[in-house]
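Student: If you read the sequences in order, they're chains A and B.
Each residue of the first sequence is one higher than the one before, starting from 1 at the first, in the numbering used here.
Each residue of the second sequence is one higher than the one before, starting from 1 at the first, in the numbering used here.
Watch out, some of these pointers could steer you wrong.
No farther apart than 27 Å at their CA atoms in a straight line, the calculated lysine-lysine pairs in the DSS-like style are these [as the list claims (entries may be wrong)]:
#  : chain 1 : residue 1 : chain 2 : residue 2
1  : A       : K125      : A       : K202
2  : A       : K262      : A       : K72
3  : B       : K107      : A       : K12
4  : B       : K107      : B       : K144
5  : B       : K144      : B       : K104
6  : B       : K144      : A       : K12
7  : A       : K64       : A       : K101
8  : A       : K101      : A       : K202
9  : A       : K226      : B       : K144
10 : B       : K3        : A       : K181
11 : A       : K125      : A       : K172
12 : A       : K181      : A       : K103
Everything labelled a hint here was simulated from the structure, so no lab data went into it.
So the chains spell out like this:
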Amino acid sequence: MQQIVNFLIRHKTFITFFVLFCFSLFLVIQSHSYHNTKFVNSANWVTGSIYNTTNSIGDYLYLKQYNQQLIKENSYLRKQLLNRGVPITDSLIDSDSLNLKFKIRPASIIKNSYNKLNNYLLVDKGSSDSIVQDMGVITSQGIVGIIENTSTGYANIQSVLNTYSEINAAIKNTNNFGSLKWNGEDFNVVQLVDVLRSAPIKKGDTIITGGMSSIFPKGILIGTIKDFSLDASENYYLIDVDLFNDMTTLDQVYILENLNRKEILELENSLNE
Amino acid sequence: MNKTVFINTVRFLVLVLFQVVLFNHINFLGYINPYIYILFIVFFPYNKDNRIFFILCCFLLGLCIDIFSDSGGVHAAACLVIGYLRPMMMRFVFGLSYDYYSIKIEKTHFGQRINYLLIFILTHHLILFSLEIFSFAHIVLILKKTVFSAIFTLLLCLIFISLFSRRSS
């Protein structure tokens, strides 16, 4: 017993080091395992308010750019509205009275990241704005990611630039779909896999979300085909997709809430049982 | 003693803030970032009695950076290792004849300082990026990131050390 105590005292530095090292390794491994709620993340009050402050300073530098982006989006939406053929009777339509499938909430990115293998972004809306896990995040140009963790005032987004993300996507105007992944190499290019060889594709084709999950509706823009090849089994295409979104300069985003999600999940669960 | 505690606390906070607000977003050439917060570990007044406290401080420093950058525990692990190995690295670079407990980094020769910082930074970055990427398939990416970021960090560390060290009379 005496010797054990002596041993512990003699090597106390190493033991402290070892215990802490094991703990940090545990955190690393946990952060690398898919869809585990992490407890070391930036969606908390301290980090959120610091990023919020610095972001509000940085925002002034890009005001002109954001305005132009908004005007472009507005004019696009106005064009769609005017060409819809249905006369607009009232300028104010109560959005709650419509039979909506998706609710849209605006938010702004306060921490961007794109140079790691697993990128997470931070937005200034959290569970107090009824943001929950597995909501989709888009901009006017295309998809951004999926909500991962939330705190009261802030939420983490798992970016499409994350080797663990997997999003259902389809080729526009055909019914061929696959899943969107990222290999971690270029932050402008993501990969679409599992598209059947019979699919008629060519360079420049548009890729949209497939609507096979309850996260994104069908038809959200993703990007265009940059290059494609057959995978090892020669049955499926491996497609490089050029993103429409510039992931390095994200700021204003929309968070999508599927109002039927609960119903869909219940149905899926009842099938599994 | 109180002055030392105060200076180190301020240094800790300032370095963490600068790292997460400024240096994590440089992204030179798309992926090169300097990690200057390890200057805290370089400057820490180290002696035989506070080894455990020193290691705890290193861990806390790394964990702070991790929380801000959503990276699990990679910075914490990398900081722990260099904190633990610091005496050995000092012995290796400055030799046994030095009383390495009382060495002040700003008073060393330029060549030795570069050697010391280089070993320090390379160890830190190698552990950091191997844990962050966590796959042998990307070994080239790990080495590329380690080397280029280390050059950037080394340059900034040398500039910061000469800027912020008190002038020796």
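Student: Indicate, hint by hint, whether the structure satisfies it.
Tutor: Going through the hints against the structure:
| no. | hint | verdict |
| --- | --- | --- |
| 1 | A/K125 x A/K202 | 39 Å, violated |
| 2 | A/K262 x A/K72 | 34 Å, violated |
| 3 | B/K107 x A/K12 | 31 Å, violated |
| 4 | B/K107 x B/K144 | 32 Å, violated |
| 5 | B/K144 x B/K104 | 31 Å, violated |
| 6 | B/K144 x A/K12 | 36 Å, violated |
| 7 | A/K64 x A/K101 | 33 Å, violated |
| 8 | A/K101 x A/K202 | 33 Å, violated |
| 9 | A/K226 x B/K144 | 26 Å, holds |
| 10 | B/K3 x A/K181 | 52 Å, violated |
| 11 | A/K125 x A/K172 | 32 Å, violated |
| 12 | A/K181 x A/K103 | 26 Å, holds |
Comparing the model with each earlier hint shows violations of hints 1, 2, 3, 4, 5, 6, 7, 8, 10, 11; every other hint is respected.
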